[in-house]
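Trainee: Residue strings, one per chain:
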Amino acid sequence: MNPELVGVIAGTALTFFILSYLVGDNPLYRLGLHLFIGTLVGYSFGTVLREVVVRTALPGLVSRPASVGPAVLLGVLLLFKGFPRHAFVGNLSMAYLIGVGAAVAVGGALAGMLAAQVAATGRALAPASVGNLRFGLADGVMIVVGTVSTLLSFTFVRPKAQGGQEWWGRLLGGVTWVGRLFLVSALGIAFAGALTSSLSILIGRMQYLVDAFCGLAGW
Amino acid sequence: MIYCPNCGTANRKGSRFCSECGKSLPSTGTRCPMCGTINPVSNVYCEACTARLSPMTSAPEENGKGDEDQPLRGTPSSTVPLDEAEAEQTARASAEGPGSEDWLEALRESADEAGEREEDEDDGQIEESAQPPNQADLPDWLRDMGPVGGERHRSSGRGAFWLSEDSGEETASEEGQAENEVGEREDSPDEGRRRVASGDEGALRPDGEAADVPDWVADLRERTDGASTRPGREPSAEEEPLKEEAEVGHSQAEQAQDEEIFGERPKLEESPRWLSELMEEPPADRDAPSISTEAPPADNELKESPRSADMPDWMQQLRPRGEARRDAPRDAPETEGLLRGLQGLIPPASPGIESPSLDRASSPVVPSEVIRARAELLQSLLGHSASSPRLAVGKERSGSAARPVEQWLVAIVLLVTVLGMLLFPLLTGETPQLTQPGGGSEAPQLYEIVNALDSGDEVLVAFDYGPPEADELNGVAQPVLEHLVDSGAGISIVSTRPDGPPMAAALMGEIADSSDRYRLLGYRPGAGTAVSQLLAAADERPTLLLIVTTRPGALQRWVEQASALYGDQLPVIAVGSALLQPITSPYLDANAGQLRAAVHGFREAASYEALRGAVGEATQRLDALAAGHIAIVALMIAGAVVHGLGGAGGRGS
Numbered sequence: 001m002n003p004e005l006v007g008v009i010a011g012t013a014l015t016f017f018i019l020s021y022l023v024g025d026n027p028l029y030r031l032g033l034h035l036f037i038g039t040l041v042g043y044s045f046g047t048v049l050r051e052v053v054v055r056t057a058l059p060g061l062v063s064r065p066a067s068v069g070p071a072v073l074l075g076v077l078l079l080f081k082g083f084p085r086h087a088f089v090g091n092l093s094m095a096y097l098i099g100v101g102a103a104v105a106v107g108g109a110l111a112g113m114l115a116a117q118v119a120a121t122g123r124a125l126a127p128a129s130v131g132n133l134r135f136g137l138a139d140g141v142m143i144v145v146g147t148v149s150t151l152l153s154f155t156f157v158r159p160k161a162q163g164g165q166e167w168w169g170r171l172l173g174g175v176t177w178v179g180r181l182f183l184v185s186a187l188g189i190a191f192a193g194a195l196t197s198s199l200s201i202l203i204g205r206m207q208y209l210v211d212a213f214c215g216l217a218g219w
Numbered sequence: 001m002i003y004c005p006n007c008g009t010a011n012r013k014g015s016r017f018c019s020e021c022g023k024s025l026p027s028t029g030t031r032c033p034m035c036g037t038i039n040p041v042s043n044v045y046c047e048a049c050t051a052r053l054s055p056m057t058s059a060p061e062e063n064g065k066g067d068e069d070q071p072l073r074g075t076p077s078s079t080v081p082l083d084e085a086e087a088e089q090t091a092r093a094s095a096e097g098p099g100s101e102d103w104l105e106a107l108r109e110s111a112d113e114a115g116e117r118e119e120d121e122d123d124g125q126i127e128e129s130a131q132p133p134n135q136a137d138l139p140d141w142l143r144d145m146g147p148v149g150g151e152r153h154r155s156s157g158r159g160a161f162w163l164s165e166d167s168g169e170e171t172a173s174e175e176g177q178a179e180n181e182v183g184e185r186e187d188s189p190d191e192g193r194r195r196v197a198s199g200d201e202g203a204l205r206p207d208g209e210a211a212d213v214p215d216w217v218a219d220l221r222e223r224t225d226g227a228s229t230r231p232g233r234e235p236s237a238e239e240e241p242l243k244e245e246a247e248v249g250h251s252q253a254e255q256a257q258d259e260e261i262f263g264e265r266p267k268l269e270e271s272p273r274w275l276s277e278l279m280e281e282p283p284a285d286r287d288a289p290s291i292s293t294e295a296p297p298a299d300n301e302l303k304e305s306p307r308s309a310d311m312p313d314w315m316q317q318l319r320p321r322g323e324a325r326r327d328a329p330r331d332a333p334e335t336e337g338l339l340r341g342l343q344g345l346i347p348p349a350s351p352g353i354e355s356p357s358l359d360r361a362s363s364p365v366v367p368s369e370v371i372r373a374r375a376e377l378l379q380s381l382l383g384h385s386a387s388s389p390r391l392a393v394g395k396e397r398s399g400s401a402a403r404p405v406e407q408w409l410v411a412i413v414l415l416v417t418v419l420g421m422l423l424f425p426l427l428t429g430e431t432p433q434l435t436q437p438g439g440g441s442e443a444p445q446l447y448e449i450v451n452a453l454d455s456g457d458e459v460l461v462a463f464d465y466g467p468p469e470a471d472e473l474n475g476v477a478q479p480v481l482e483h484l485v486d487s488g489a490g491i492s493i494v495s496t497r498p499d500g501p502p503m504a505a506a507l508m509g510e511i512a513d514s515s516d517r518y519r520l521l522g523y524r525p526g527a528g529t530a531v532s533q534l535l536a537a538a539d540e541r542p543t544l545l546l547i548v549t550t551r552p553g554a555l556q557r558w559v560e561q562a563s564a565l566y567g568d569q570l571p572v573i574a575v576g577s578a579l580l581q582p583i584t585s586p587y588l589d590a591n592a593g594q595l596r597a598a599v600h601g602f603r604e605a606a607s608y609e610a611l612r613g614a615v616g617e618a619t620q621r622l623d624a625l626a627a628g629h630i631a632i633v634a635l636m637i638a639g640a641v642v643h644g645l646g647g648a649g650g651r652g653s
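Sequence order for the protein chains is A and B. Counted from 1, the first sequence has number 71 at position 71 by the numbering used here; the numbering is strictly sequential. Counted from 1, the second sequence has number 551 at position 551 by the numbering used here; the numbering is strictly sequential.
Since no wrong hints were added, every one of them can be taken at face value.
Simulated restraints on C-beta separations:
1. Val184(A) <-> Leu409(B): 27 to 33 angstroms
2. Pro127(A) <-> Asp457(B): 32 to 38 angstroms
3. Asn451(B) <-> Pro84(A): 56 to 62 angstroms
4. Ser455(B) <-> Ala186(A): 40 to 46 angstroms
5. Ile412(B) <-> Leu97(A): 45 to 51 angstroms
Simulated coverage check for chain B against chain A, where a stretch passes if three residues somewhere in it have a Cβ under 8 angstroms from a Cβ of chain A:
6. 464-471
7. 555-569
8. 572-582
9. 618-625
Since the hints were made in silico from the structure, they are not lab data. Bear in mind that the values here come from a model prediction, so they are computed numbers and not experimental data. All residues carry an ideal CB built from backbone N, CA and C; glycine is no exception.
The following block holds chain B by itself, in its conformation from the complex (with noise of 0.2 angstroms):
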């Protein structure tokens, strides 16, 4: 997949537009510099014309064997290194002799031919038929490439026609020591072997001229050169600002050095003109830092880039583009931090053919004053010492040093009001009046409902709390399971939670004389699908419903699974705590008619004692909890009186 680099649509692979907004975009394959159309990377022939993308590497077989090796017109002549293969076909044929292969002897003998016919022929003749053919047979990017096809060929063995026109001769010594030099001298030794091993006599001329050859070859060579390390090069006087600026060149010593890693340098009278060049220009940006070394070709060397029309188009895209980097500014190396030694910023990594969509990604980075800004509080956090989150932590720690005394003052207050009320009939033997049993609560329905069982009646007891709300809860359901077991109902006990049943063991062994008044169903695993099945199920649809809880949850299933076995043919009465009351509302409503009634909490459980007649645990706790009530309306106002002064006089300071 291709991503549009402008609005990010994911294209098909090998799109040269963007299907969603049109931009074109960015070459991943090779161009093919016949049809252009982009192919695979690992194609070797393009999939639209059949034309050869990669270059003739072998030389080509007799009787029409390997045909399809043969150049084909159209092929990038810079990109081509057949001089260097048939050099190299050429030099193993003459080192293996007698005996090798008839092919072989064919070649040598063919190779001679033509070496003793460029011998007789005059120049005139040779310029005759090197006449490259008519430019207007030929397309616009051949043109604009130089000479290719019939030329090459020509040319075989010596170098390209337009790279070995007008070159003296050189003999095969000069040759071998040229390569053995340039070999050992240039950074891409490579490139130099190539040109001297195919006879590229144009490369070793003593006097190459710009005119000579195209301008983008000599800007190419040019660049190449100028991008690696040679010593004793002159710089030029287009190069002289650079060479100022980035402070590079090699002192005598570092030059003695040199030479003594690379031996003796080479006389430059032996030297063609351009490879003396090529040695005594300066190791430029050895030293440099990776800053410049990265950085795009400044302005005055894309001035002096070939034109547009003297490229090809897959070259063009070649081209670096951007802004020179040179004088951006050069901030000190980090000194600490996880980028300590670093220095600089990191250049966006360029991809490897660039579209014209890519320029605005691959201008240099200039950060703004947000990013420094960060990049200094980065700095800053990375800088922080250790101790200061202790120092953080001790401030907060003596920030909330009153919070104890808070938990104390309250634990105390609540603690002294409870004990207080709770041991006030110890003591005086009268209870105290504070509050009234609930007026206005499901007391009195629930105490109806109840009234009216008969002793043939079936109740069952749903027991879903345990012993954290037994607490409170023993003393709210004890006044209605005392209504219930007075009233001579069989009573049945089921529990949803495994800690219910003892609860209800106990509590029902405090209430009933004998255990004949009751029936423990004991614990029914599953939650709502228990209660489902063990409403369905019952062989007897139970009279009432009785549901003991403190939670939420269990009272929902089980109001909702008699309303949806049942409807409003089972009374469901229910008893929890004061948590449970605004869950109940709704369900107790006259309309939905799913709870008939319900008591919650100490308050309404002393009203049901009062309809009885009887004075239980509810009644007894009911001043208790109506002075821890009272204490906690107190704490709170003067927690918020502290609060308020405390705030307006911290606002104050």
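In isolation and in its complexed conformation, chain A is listed as follows (with noise of 0.2 angstroms):
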């Protein structure tokens, strides 16, 4: 038999497998869901066999061992995570990766992103600026409003208003609430963003049991 046309049919019945959760909870939807999962999970440990022992930690240490060796010895203590009774030899192991791993997040994070945002959101109002935005002022208008309102919106707190400080009050409780409808206009956006994206595989899918129908039907 054609191992293509097994895919083809293997490929389909799995998805007619997941399908089948409108019915509810049944032992085909497991079956599809489980085989999903430890395909995915064998697969990702193959790959990283491959890739991280046998392409890269066993030929560094024969040809590079000074610096291959160390990163192989904490790779060796990790796995005592495995038995709780000598878990605390891989503590060392866990201390650097989670060392190694804030350090270049936070820096990736106040550099790449926190520094160039602030620094857009202040530019956006410039004369220079303004040509740049699909929208001109306006949108660099929407940019730091957005930004500023949003930001206030999170001010859960407010001092008690007492003799002229009125107005302070409900300046502030007026920005909330601009900052709040950014907000639920953003997360309407990503909820329209994700429909999409799930409404875009479900077409994905159903082209491929066109086309596998088509293949087999010979059209």
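Dock chain one against chain two, each of which comes alone in its own frame, and use the hints as you go.
Mentor: This is the structure in structure tokens:
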């Protein structure tokens, strides 16, 4: 039998298994789900084993033991995390991983996102930058107002109105309300994107079934 | 630590006042009768004045040995069983006879001499020598406690001076008989044995008057005796109401049973008067509910309690406080639930030594209406039948029966719409024009960037998606990757997901006619660290970075690390799903410049295909996507209408 045909039949069957969730949780849905997750995990493990151990670690121990050896040692120590009585042995590896990961993430977030976004917001109303925006000054105003009001919307307390300070409370309340409008709009757009993405995946799966059916039918 | 009952502040052990609010703290140790210092319970001597805190229990030794064991002035006489100790010592010495230790012989002789001297001396001499010291020389607390010191020594073997005064002569046989009788009848036989063995004639005298005994001692004796169970005692006039209220008393059969258990009751005429009264005292509260025996004394008892001036401070703190709860309503015993068989309310635990600040805490607990309501609710919940939850589940199931119908309705509508739009070109040969490729997208900018690449440029492609997203992203990324391959630029593909390289290999296998047009660098573990390492360790900086992903986290990692390492020197473009569009918008800002351009979803991918003049998967699926959107909007409107009508009907009904 043609292996491609087997693949098409298996793919079609598994697709219907997953779609059978419409009638509720059933063995066919569970079978398809477990097959998918098991295959994905197994393939990922195999990929890691091949890419990290076979292609990187083992050759590196022979050619560059001074640089690869400590990394391999840390990796071996990390295996002790699987044994509760000796899990402390892997703490050194975990500390190294978390420390390096946090340093890289914080550095990237500060230099690559926070500073750049704050600077972009500050330049939104600059005359030299307004021309680059799609909607000109309106776009810049929208960026500044949206950023400031959204940040202020997370103000959950305000000073008690005393005497002539009532105007400040009203202003803060108005800005907070505008910020919440931006937040709700952003959440609505994100939900629309998720819905569109899910619909796109459904369309792609239906396209696969149509192509498979046409291929089997010889159309 | 001592916790303040007023403010809860933790104070140092031994503190008398709260360091926070200044309120007096409850005493948790033994208060020194000399200086009032609170000492730990285990202390024998006061830490401040070295006064003895615990009573003497052994006889003094000769030759000055054991002077520290001599009773000190100020030792509370009521708590010192000195008479008992001396009596036991004397009895032990007489029992040993010849051959005993010298100091026992001396002690016996001294005891005999003291007895003979007392017999020879007339009453006037005794009274003269027994005169207590001048009251003005005594401290207040000692004056309140009664005779101490020398008087007690003088009455050694015969009880305290203030108890043995005007006492009658009792024979040893009578004492022994009384001891046996009391030992059998008393609920606290140690008390009676101690009194008799110590020769406390005052305790055995037949006509012990209350005037001869300090009030507080008489009250304590009555209180102690009254709390125990003794048959045969007739209640006094003051106790009659209590007796009636407690509804106790022995029947004839019970009395007979008591005699069978305790033996024949001694003759009243052979016993001292006070002992006869004790024996005639009814067994109060034997059969009464536990609440009565645990309750504080009634008001009439409090009125008869000794005055404050008659009691030392340390004993005043032992005085029970609070109101009587004899008239508290007696609830019926619990018949079911966790509290089945229990009756009444649990009284508050009384501390060992109460302080005035704890008066409120020791007040009787009166359940409020709220507490009663909660108790009734708890009782109803405990008594609730187990079948009710099943009924509730059944109702919930019947109420949610429309949910599968809704699911099937939505699924059928979407499937019919999508399949109809996908099958329509196959049936008619024409593509419906429900929508046009996206206008106003970033596709033209991205097309210009890719179109500007030369054959010698190096493009790094990050393939960060897996099989679940392949149905969408393959169609979106295909036109861009085809453009890259056609441009002749070198393509290096890397992924931070284990399942990314096979996705790239499969898609690039469809696009490129040869695998020499691209390089698969494989999987790089470490997420953000791998991205940073990969970008920093590149032998030659890539001309362009293309991110193909559906996950915001992956996009964020690549954009941030590229901006941190190269700033705006490295152009970054992205191809993602429709889900990613709100995430990439801030990076697409012209002032930020972190993303030069991006393509999201089938609509913008179809726009890219239109720029290239080709019809790909994105264009073919665009109509199905548009029809699906229309179907979703229709379902939402229909659902809102049905829900509104159902809600109105439900409110109307």
